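Q: Take a look at the letters that make up each chain.
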Amino acid sequence: MTIIEARGLKKTYKSKSGPVHALDGLDLLVPQGTVKALLGPNGAGKTTVVKVLTTLIQPTEGTAFVDGIDVLSNPRAARRIIGASGQYAAVDENLTGFENLEMVGRLYHLGAKTARRRAQELIDQFELTEAGNRPVKGFSGGMRRRIDLAGALVINPKILFLDEPTTGLDPRSRLALWQIIKNLVHDGTTLLLTTQYLEEADHLADDIAVIDGGKVIAEGTSDQLKARIGGHRVVVALVDESDAGAASEILARHGEGEARVSSDRRSVEVAVTEGPRALQYILADLGQANVGLHDAGMRRPTLDDVFLKLTGHTAENEQDTEKSEMEQAK
Amino acid sequence: MSVLTKQTTYESVGTPAGQLLSDGWIATRRNLIKIKRVPEILVFTILQPIMFVLLFSQVYGGAMNVSDYTNFLMAGIFAQTVIFGSTFSGAAMAQDLKDGIIDRFRTLPMNPAAVLIGRTNGDLVINSISMLIMMGTGWIVGWRVTTSVWGFLGGVAILLLFSYSFSWVMALLGMSVRSPEVINNASFMILFPLTFISNAFVPIHTMPEVLKNIAEWNPVSALVESARQLFGNTNPDFPEPTAWTLQNPFITIFVGIALMLLIFVPLCIRKFESISSR
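In order, the protein sequence lines correspond to chains Z and U. If you use the working numbering, the first sequence corresponds to residues 1 to 330, in order. If you use the working numbering, the second sequence corresponds to residues 1 to 278, in order.
It is worth saying that the hints were derived from the structure and are not from the lab. Fair warning: this is a prediction, and the values are worked out from it, not measured in the lab. Hints may contain errors.
Capping the alpha-carbon separation at 30 Å, the derived lysine-lysine pairs in DSSO-like fashion look like this [unchecked claim]:
#, chain 1, residue 1, chain 2, residue 2
1, Z, K226, Z, K309
2, U, K36, Z, K158
3, U, K98, Z, K137
4, Z, K158, U, K271
A few chain Z residues that face chain U, going by a derived Cβ cut-off under 8 Å, partial list only [claimed, not checked]:
#, residue
5, T54
6, F65
7, G68
8, A84
9, L107
10, R118
11, N156
12, I217
The C-beta atom is built at its ideal place from N, Cα and C for all residues, glycine as well.
Same shape as in the complex, but just chain Z (with noise of 0.2 Å):
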């Protein structure tokens, strides 16, 4: 059964440099159970998605469903039965952690009692007696994305929203906070996440949607969206920078379409349909063309070489287009 139904979602913001369309006609299904990752760069449009589905904005045009609930015209019966948490931890600084978390629980009308027992069992289950009985102000960043989790899960809400759980968390809280979505919908909730880290969709998800300008642009299991760029793909580091030249044109000749070379010029990579035998050819000339390597070999394509096939740029960008943007003003 689907559970979470959108159909041809817009959004359309005024700017002084014309309209810009973070959302573009998006359809979207989920199938209760499961887990849908949004994938997508930064401004492709996927904290928009779950903001029109959260209730927080009216799109321009389209529809919403959740559990047949009309998101656009009855909003308050949606948030009866959805649980979300932002890209911010949405917590109040001057509370404790177990105030917080009452408050959620009250605003939900459990009555005081449930809520106090609520906030309770979610303090155990999170492991935040220390932040419990403390102001929130002055706890790290991890501690206060758990709460801000937590918050969303006091009513063990049918349909989970989770907008960049993980962004800015160290590698270790990260890793915590997966366990816990992993145990979350065991359970049977349905969640919808969005995230820029393919590791993260290629994780959590049973289901990826990969996003840009405000669009579906692919769908699948991430071995189905691995196999539409099919074979392996060779890469080669470099012992010298300046052959990267020489590497990418040899690459190309044994491989589909252009050789790719990394930002600091050390490596080379290229899509190829017979592995092992491009490997040789390769390896052959590059020989021959006297080009050192440090390293070389095969590897499997991940997602983002899916992402970087089907949109023409790669999906962790912010970074590379921050730096290129400042190399262009110099």
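Following the hints, complete the assembly by docking chain U onto the known chain Z.
A: For chain U alone, kept in the frame of chain Z given last:
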């Protein structure tokens, strides 16, 4: 980390009216806890009123060539302090929006007015504390109510009611401007002229014509005049006001309060239902 107990879904309880009351109380309690835990708020609430009462009554008092400046002054100080106290709502709404907690509230099935009710109630509590402090300090420097208990209570009520409705104006500003810093700076830019171009500290008749006209129509003047009359603090040395607004300060101020509430409460709720952090 244990797995959650199998999908006990939690249902909401209570009637819509009961839920509104409960939501309003929960949101108010959140702001009360904040007053208790953020020292800056208490400093503003307690020390600043003491400072203003002492500065104006002792520094200006002697130079003002009138008898009984302190009695004349107190209603003005009360008004200025509670109006400044109302700006907390603006800065706090902007801060909540920035922190993303408004997004949390807006995904909960709570009444959309509750966050604003809680916020403006928070200002009311801050202002009530400030009023108590100022009254105590005023009494020490010679302020006396010369009417009755009812006059006294009426004067306090009218000051608090005005500041309460002004909190809604500031809340809307806070949600629109979205920056707590800008709100703080802007409110000083607006509130200093608003409270000084009035009869709060000096009688209007000494002002140049243009300022006099502004001061006569400034709702703060009607507020201060109302409070002064209720406390029995009008100064016989100054001429009776000539403007209609000040000859009928009670009508003026009640119309002002009603207009602020009727316009800004619905606007605030509507704004709240459409805002979200970025």
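Q: Give a verdict on every hint.
A: Taking the hints in turn, this is what the structure says about them:
1. The suggested pairing of K226 (chain Z) with K309 (chain Z) holds, with an alpha-carbon distance near 10 Å, which does not exceed 30 Å.
2. Of the supplied pair hints, the one linking K36 (chain U) and K158 (chain Z) is violated, its CA atoms being roughly 37 Å apart against a limit of 30 Å.
3. Of the pairs offered as hints, the one joining K98 (chain U) and K137 (chain Z) holds, with about 15 Å between alpha carbons and a cut-off of 30 Å not exceeded.
4. Annotation: proposed proximity of K158 (chain Z) to K271 (chain U) holds, straight-line Cα distance about 29 Å (limit 30 Å).
5. Evaluation of the T54 (chain Z) hint against chain U yields a held restraint, the C-beta minimum of about 5 Å falling below 8 Å.
6. Contact between F65 (chain Z) and chain U, as hinted, is not supported at the beta carbon level, the nearest pair being about 16 Å apart and thus beyond 8 Å.
7. For the restraint placing G68 (chain Z) at the interface with chain U, the shortest Cβ-Cβ distance is roughly 15 Å, beyond the 8 Å limit, so the hint is violated.
8. The beta carbon of A84 (chain Z) is positioned within 8 Å of a beta carbon in chain U (closest approach about 4 Å), and the interface hint is therefore held.
9. For L107 (chain Z), the suggested interface contact is upheld, since its CB lies about 4 Å from the closest CB of chain U, less than 8 Å.
10. For R118 (chain Z), the interface hint holds, the least distance from its beta-carbon to any beta-carbon of chain U being 7 Å, beneath 8 Å.
11. Because the closest C-beta pair between N156 (chain Z) and chain U is about 6 Å apart, less than 8 Å, the hint holds.
12. Of the supplied interface hints, the one on I217 (chain Z) is violated, with its beta-carbon coming no nearer than about 24 Å to a beta-carbon of chain U, more than 8 Å.
Hint compliance for this structure: hints 2, 6, 7 and 12 are broken, all remaining hints hold.
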